[in-house]
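Order-wise, the sequence lines are chains A, B and C. Its first residue numbered 1, the first sequence is counted upward by one per residue in my numbering. Its first residue numbered 1001, the second sequence is counted upward by one per residue in my numbering. Its first residue numbered 2001, the third sequence is counted upward by one per residue in my numbering.
Among the clues, some could well be false.
Straight-line alpha carbon distances no greater than 35 Å define the calculated DSBU-like cross-link-like pairs of lysine-lysine that follow [said to hold, decoys possible]:
no., chain 1, residue 1, chain 2, residue 2
1, B, Lys1051, B, Lys1041
2, B, Lys1041, C, Lys2017
3, C, Lys2171, C, Lys2017
4, C, Lys2229, B, Lys1053
5, B, Lys1041, B, Lys1053
6, C, Lys2113, C, Lys2171
7, C, Lys2017, C, Lys2113
8, C, Lys2040, C, Lys2017
9, C, Lys2040, A, Lys196
10, C, Lys2113, B, Lys1051
11, C, Lys2040, C, Lys2229
12, C, Lys2040, C, Lys2113
13, B, Lys1041, C, Lys2229
14, C, Lys2171, B, Lys1053
15, C, Lys2040, B, Lys1051
Hints are computed from structural coordinates only; laboratory data are not their basis. If you're wondering where the values come from, they're calculated on a predicted model, not measured in any experiment.
What follows is each chain in one-letter form.
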Amino acid sequence: MAGKSIQVFFKLIQREILLAIRHGSDSCMIVLFFVIVVVLFPLSVGPEPGILTRISAGIIWVSALLSVMLSMDRLFQSDYEDGNLDLLILASEPLELIVLAKTVAHWLTTGFPLIIISPVLALFLNMDTSGYSTLLIALTLGTPTLSLVGAIGAALILGARRSGVLLSLLVLPLFIPILIFGVSAVDASLTNLSSKPQLLILGGLFLAGLVLCPWASAAALRQAAE
Amino acid sequence: MLNNLINFLSMGGYGHFIWGAFGLSAIVLIGLIIQILQFLKSSETLLHSIKEKTNETET
Amino acid sequence: MFNYFANPVRFLRLTSKLQPITMFVASVTIGLGLYYGLVKSPPDYQQSETVRIMYVHVPAAWMAMFCYVAIACSSAVALIWRHMLANIIAKSTAPIGASFTFLALATGSLWGKPMWGTWWVWDARLTSVLILFFLYLGYMVLYNAFDDQSRGARAAAILSIVGVINVPIIKFSVDWWNTLHQPASVIKMDGPSIHPSMLTPLILMAVGYTALYFWLLFVRTRAELNANKVRMMSIQQVET
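Okay, chain A solo, but in the shape it has when bound (with noise of 0.2 Å):
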């Protein structure tokens, strides 16, 4: 019975991404999207290096956070609109693992490329090099728990008048915790501090939200199935 339910689960994961590969545009549109509002900053702030360099950690990880909330609300609203929702619900595998499994698939299509393309960006922003390493275990750790948060608020709005800034309204709150930490933790290798801490933390949300996220964004499917 588990052996199957994992089995499942990796097909869905499997289902899931293929469909990103198919319909292509959506990750590149979302990776295009987190590159231009980073150079946003540079343009509106002014192009010195010195402010650059101290607050590139900032800027790439708000623009990340917008990044993932903007690719969220498609998350479940095709199944929900062709019905395919209903059939996953009546479906024998726990809708807890079903969620996870299409969290687990939007993060490889969205937050992974965003993670590749951070050293780049990194780079623009004039980022000292002893920041990278951190930005990149910090953003590794940090990018899964937004998709897993994300989820609970692209399945409350299904069906919603304007879901697309109610998204934003709900989530962006929840995700203050995840930026002020992964930001500091950028901040602390930038100064010579141990990052340690920060990660720690980051990592314990993460944890944290992998147990509880995806029992609350069921929660909220079969509210909006009914």
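Let chain A serve as the given structure and place chains B and C on it in line with the hints.
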């Protein structure tokens, strides 16, 4: 007498902040009370009018 | 007990008795609290007169958290036992709690200016209370974002339960992080560390704010139940 009052109002030079905080609290809470009481009133008149209407149609 | 009072008629009968009591308690304790707070209590040896802002700031902050917990609890009841009344209580609490949260932030800001020399600092306590304020707003918007009222109620209920994680963060933020905001001095394991002359107005105001909350909650719940009745009756009229 007047000196006492001025002394009291100035609050050791921090009068702006203290009266600001108390005044703001009063404004917000009284506004909330008025809004909720008005809501109750309007809902009651609406309920009355609709009840009368249904009575008319029944008789 | 939940099931007993889940009946709106029974609830209304109970609250019609409690309504004047809570209103009376609120006006008396807030009146006395203002007198003790502004006139009788001495200025603090460290914070001088500004300490008086505490008497409106701390109760508002307590109520901000209390109201959120109340929303989350009645949302849980609404989701588990499907009591319509629990949803209405949660919905009615939200604007009251949001007002208290706003007051806690605003009066704190007015206190911070003379004490810290700045209106706002980005420390853990202030940030987490700001998040609480956003959660209140999100809750209210989500509740009204659906054409189907019960959908909005259920979605908002789940959001409020998710957001409850913020409450312990607010409570312990001053102990976990070194911040400008001073730690708790009233609710402590070894008794309050605050002088009785200041504790009296603080407790009076806190009781007054709590009574005010319950009074407003009862009035608002009554109004919401009326509005519900109107909605149902107009649907019936259309059908016949």
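Of the hints stated earlier, which fail here? Going through the list in order, the structure violates hints 7, 9, 10, 11, 14 and 15 and respects the others.
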